[in-house]
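Participant: So the protein lines, in turn, are chains Y and L.
Last residue of the first sequence: number 532 in our numbering, and the count goes up by one each step with no gaps.
Last residue of the second sequence: number 355 in our numbering, and the count goes up by one each step with no gaps.
If you're looking for bench data, these hints aren't it; they were derived computationally from the structure.
Do not take every clue at face value.
Claimed, not checked - Below are the DSBU-like pairs computed for lysine-lysine, each with C-alpha atoms no more than 35 Å apart in a straight line: (1) Lys523/Y x Lys328/Y; (2) Lys224/Y x Lys266/L; (3) Lys479/Y x Lys93/Y; (4) Lys67/L x Lys410/Y; (5) Lys(-4)/Y x Lys523/Y; (6) Lys(-4)/Y x Lys328/Y; (7) Lys128/L x Lys224/Y; (8) Lys328/Y x Lys266/L; (9) Lys476/Y x Lys410/Y; (10) Lys523/Y x Lys128/L; (11) Lys476/Y x Lys67/L; (12) Lys99/Y x Lys476/Y; (13) Lys67/L x Lys479/Y; (14) Lys(-4)/Y x Lys99/Y.
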Amino acid sequence: MSSAATPEQELTLPKRNFYNTEYGLLSWLLTGDHKRIAMLYLFSITFFFFVGGAMAGLIRLELLTPLPDLMASDTYNKVFTLHGIVMIFLFLVPSVPATLGNFLIPIMIGAKDLAFPKINLLSWYLYIAGASCFVISMVNGGVDTGWTFTTPLSTHYVNTNVLTTGIGVFIAGFSSVFTGLNFIVTIHRMRAPGMTWFRLPLFVWANYAASILMVLGTPVLAIAIVLVALERAFGIGVFDPTKGGDPLLFQHLFWFYSHPAVYIMILPGMGVISEVISTFSRKRVFGYAAVAFSSVAIAVFGFFVWAHHMYIMGLSNYSALVFSLLTMLVAVPSAIKIFNWSATLYKGSISFDTPMLYAFGFIGLFTIGGLTGVFLGSLGTDIHLTETYFIVAHFHFVMVGGMLMAFLAGIHFWWPKMTGRMYPEGLSKVAAVITFVGFIFTFFPQFILGYLGMPRRYHAYPPEFQVLNVLSTAGATVLGIGYLIPILYLAWSVKYGKVAGSNPWNATGLEWQIQSPPLTENFTEIPEVDHEAYDYEWLEHKNRQEVKSIG
Amino acid sequence: MSHISPVLWQFLEKWLANSSLFPAEASTIAPYTDALYFFLILISLIGLVIVALLVGTFSVLYNKRRHPVAVQIEGSTLLEATWTIIPLGLFLIAFVWGALLYFRIYNPPPNAMNIYIVGKQWMWKAEHPGGQHEINALHIPIGRPIQLTLISQDVFHSFSIPAFRVKREAIPGRYTTVWFQATKVGSYHLFCTQYCGTAHSAMIGEIIVQTPEDYQAWLASSVSGASLAQNGERLFATLSCNACHNANPDSRGPSLANVYGSKLQLVTGGSVQVDDGYLRDAILNPSMHVTAGYAPIMPTYQGQISEEGIISLVEYIKTLDSNYRVQQTLNTTEIQNQKQAPATAPGTTVKP
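Excised from the complex, chain Y in its bound form (with noise of 0.2 Å):
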């Protein structure tokens, strides 16, 4: 089923790679291997992943009926508080850097590593401390702020682990500066001879471009948070009204990180898309230059949009106006991006892979989750949609529709990669359709709802809103299933999977011209770059010499 061209004798995994250099915990806890913290990462963020997909199973459960019966509404508020911050600090923010891109920028720029590896394992140490305070907090009784901590209501009047909760997003905000501080130091430094800003894979570019966001947006977010627990603590009064202080102060510096960290999360997973897209069409990238410069004005672009979070929160009416029109110019690279995808199809030669079937998804997805992004950035619309479903349904159009979609792509891409091993074929494409089909009908109803006016985070509804719920309840439903099989059979094939060989897909990067699992080193020899990404002539000829030398 696979592109591959299979070699006529029987693959067999390499003697030596990675996983079997070093054995024992320590030899994984203390590695400063890329790969390994790579794989470290793939199991914390895959377990948070479950622990936010439980929580986004109680709130559409609870949904199903009008009445708040399922469980008080105190929980019900921590339950979509923690459901928010497990999956954006622990599961979207690091997903596509920290496990792919730790695993393959190196690899992909002919480096060894990356440029500090004890402070890429410093990143996942932080990352965990993080999600301990999390799950302590948890664990205490939950936090109800809802993931945006809006203050005064964060700092005055809930009872409950907000402390806690913000020194876990402190330190996990940190272990992202570390890894993007990383990149932007290895992709500067460490690329192989040869290998020029222009022959990088477009997922370099966009791992780089969200490095920035990282390095950049993320110190705001912590001074916000530091502000948010002085005051709570100690009454310091910088957003309190009563003391002089502006509420609206706590929004800017919020949404001055949270704005750009949506594009942290979904500027790798278009990185991913890129690499599935040519390779799955045998082409290069329809216009590098402009994929690559759009990934940077987003980067750009993403700061200067935040107050489009706050259209009635009583900005004045021409501050709205400049970040509308701002708002309106991001979203033109993302179009950008997606009319290049789709011209990198025309006269490609097209298979249906599974990674390939989770990029379509991601198009699809992504395109109307963009595109609803228009209808909150138009000022007049906006006050009707805002804090409503819609807004709701969007973001997960984005985030889930589009990352967790590309997430996934890159999983099934570069799996055989990373384990050496092939996954069903059959079983995998089945559970992309089920997945596609299962977002689709548990988000897409929840456009209507917001447009019927009903609010997020609403324990209970009004009895009309019913019906769309259940849709979306049952469609969560399908979704659930959709995300579990992958992880069965992903386990699988660790063990039983079809050996893959180096280079299953036939793809161009530098990540697939050697041994898989690779070496902890990655090349014998630093290879010298001759030719541009996704160059496929070159990757013919050079088959063709190497059986050549062989035979």
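Position chain L relative to chain Y; hints supplied.
Facilitator: Same frame as chain Y, now just chain L:
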């Protein structure tokens, strides 16, 4: 179809009757919002269809079996420009249209009737100018522009009326406004849409749109004594505001007659337009803006007046067009003070 299962059928029928897919259009703004919404849906559909057609057609035409060898194409500046400029143009139309709508929704007409809304955990309190107040409900007449001046007593809330397509955040410490004009008699949902703690989803209510006659009848039947301005006057005397703000030649505070809506010179040299928000700040945080010619001696009333009290005071100051009654009240107070007991230390207020 009903032969499948009558029970199931009835269930479905009841469900569909109870479910709605599109909200009622009950304000003058609603059709404008819906028009923009449909335009956005249209461009989204066109965009989505184009992308789906491109991906679908290419997937069929260039799949591996039919097209085994890919043709390498670098890119095309012309195409890049096309799919940059056309979406940009469409987004800019959405921007301009949306901005016009936003200005329409958030700039109330001058003849709008003002109702105050105070949000608090977890209820909405509406204060009508005539002194009628209601909780989690708002009665309004049809066909008349209504302005809401919102404030929150504690955390952020958001006042949302989906059938009117309007929404405005109620913020602690500052007034926000929104306006609408209802076009259909009926009862509509009022939601708090900003997450505000435990009973957020119970912070709901009803907007009751009535004919002018019914509305008058409701007003008449719901009077609870004094109007907002009358309450304000009482508070003005109780808090001894008139001790300084009395327009006497030796008064320590500026006269408040006709101050609302005027432009005030400040000691800092700047000037400020007097509106609800300014008056509120002047009461709670007097040293923020001091009127030119006066010393910053006014004490803060932070924590001494409820939001409703401030609203009454603001309403009272709005109605002040002379200082006659201020001085009358002051005289009465002074006479009473002299009569009662000279032992009372000067400066202490007499609570009525």
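Participant: Next step is simple, just say for each hint if it's right about the structure.
Facilitator: Hint check:
Between the alpha carbons of Lys523/Y and Lys328/Y the distance comes to roughly 23 Å, so the proposed pair stays at or under 35 Å and holds. Simply put, Lys224/Y and Lys266/L have alpha-carbon atoms about 26 Å apart, close enough for the 35 Å limit, and the pair holds. A distance of roughly 27 Å separates the Cα atoms of Lys479/Y and Lys93/Y; the hinted pair therefore holds under the 35 Å criterion. A hinted pair counts as satisfied when its Cα atoms are at most 35 Å apart, and Lys67/L with Lys410/Y qualifies at roughly 17 Å.
A hinted pair counts as satisfied when its Cα atoms are at most 35 Å apart, and Lys(-4)/Y with Lys523/Y qualifies at roughly 24 Å. Distance hint between Lys(-4)/Y and Lys328/Y is unfulfilled; the C-alpha atoms sit about 40 Å from each other, more than 35 Å. With a C-alpha separation of about 25 Å, the suggested pairing of Lys128/L with Lys224/Y holds against the 35 Å cut-off. Proximity of Lys328/Y to Lys266/L is assessed by CA-CA distance (about 69 Å); at most 35 Å being required, the pair is judged violated.
At most 35 Å may separate the alpha-carbon atoms for a hinted pair to count; Lys476/Y and Lys410/Y meet this at roughly 20 Å. Our distance criterion of 35 Å between C-alpha atoms is broken by Lys523/Y and Lys128/L, whose separation comes to about 76 Å. For the suggested pair Lys476/Y and Lys67/L, the alpha carbons sit about 31 Å apart, so the restraint of at most 35 Å is met. Restraint check: the Cα-Cα separation between Lys99/Y and Lys476/Y comes to about 30 Å, which is no more than 35 Å; the hinted pair holds.
Between Lys67/L and Lys479/Y, the direct Cα distance comes to roughly 23 Å. Compliance with the 35 Å bound is thereby established for this hinted pair. Simply put, Lys(-4)/Y and Lys99/Y have alpha-carbon atoms about 27 Å apart, close enough for the 35 Å limit, and the pair holds.
Violated hints, in rising order: 6, 8 and 10; the structure is consistent with all others.
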